[in-house]
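Residue numbers (the working numbering), protein chains in the order written: chain F, 24 to 136; chain H, -18 to 92.
Source of the hints: derived by calculation from the structure; they are not laboratory data. Don't take each hint at face value.
[Said to hold, decoys possible] One-sided excerpt, in silico: chain F residues whose CB lies under 10 Å from chain H:
id, residue
1, V27
2, S30
3, P67
4, K123
5, T125
6, H128
For every residue, glycine included, the Cβ atom is placed at its ideal position computed from N, Cα and C.
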Amino acid sequence: GQQVKQSSPSLTVQEGGISILNCDYENDMFDYFAWYKKYPDNSPTLLISVRSNVDKREDGRLTVFLNKSGKHFSLHITASQPEDTAVYLCAAGIGANTGKLTFGHGTILRVHP
Amino acid sequence: EAAVTQSPRNKVTVTGGNVTLSCRQTNSHNYMYWYRQDTGHGLRLIHYSYGAGNLQIGDVPDGYKATRTTQEDFFLLLELASPSQTSLYFCASSDTGDEQYFGPGTRLTVL
């Protein structure tokens, strides 16, 4: 089965609004969680990540929330801008230096002016 | 910032053909990865390596071989290419195995 799942294939938000992207996972051994951003015809780049010993991490307009009991993590983007329009991929890994991430299928975020 | 390059950027071959995709990273990262990206499937890990001469099997390894010849170079081999292997292939590298830096991708078409 799919170990990391993004149930919403797409999301549309008005400029200035808050974008909320969600990710569910199955393996409760995962303890590293990340969000990558991908523009069309470009490669993915890391946006923000968090380890399981915290339940929230902020970086500018980005916040990751982690709910380990619910096997769920989310990315909140405040003051969404048209340049935030991209594919967002969630990823999860087990332990430090394991070398392997499992990615979700991605959510297309469209921010309309 | 890590520099990961891939070659070729585009490749067209025929069913049964032999293809080698190349990846080089110049930041002395330990880990290197090969992924394929397909609509509806996201990024799927084919093979990865944590050092020269090491190879680990990923989640979708069938039909692919890989070889890590040096710290910098990681190759993906398709010895009998099939149309189902038409995809966008990304190479990535990482120092610790967490934050991964991706190359620009290789678009492979198997006719």
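Exercise. So which hints don't hold here, by number, going up?
Worked result: Of the numbered hints, just 2 does not hold.
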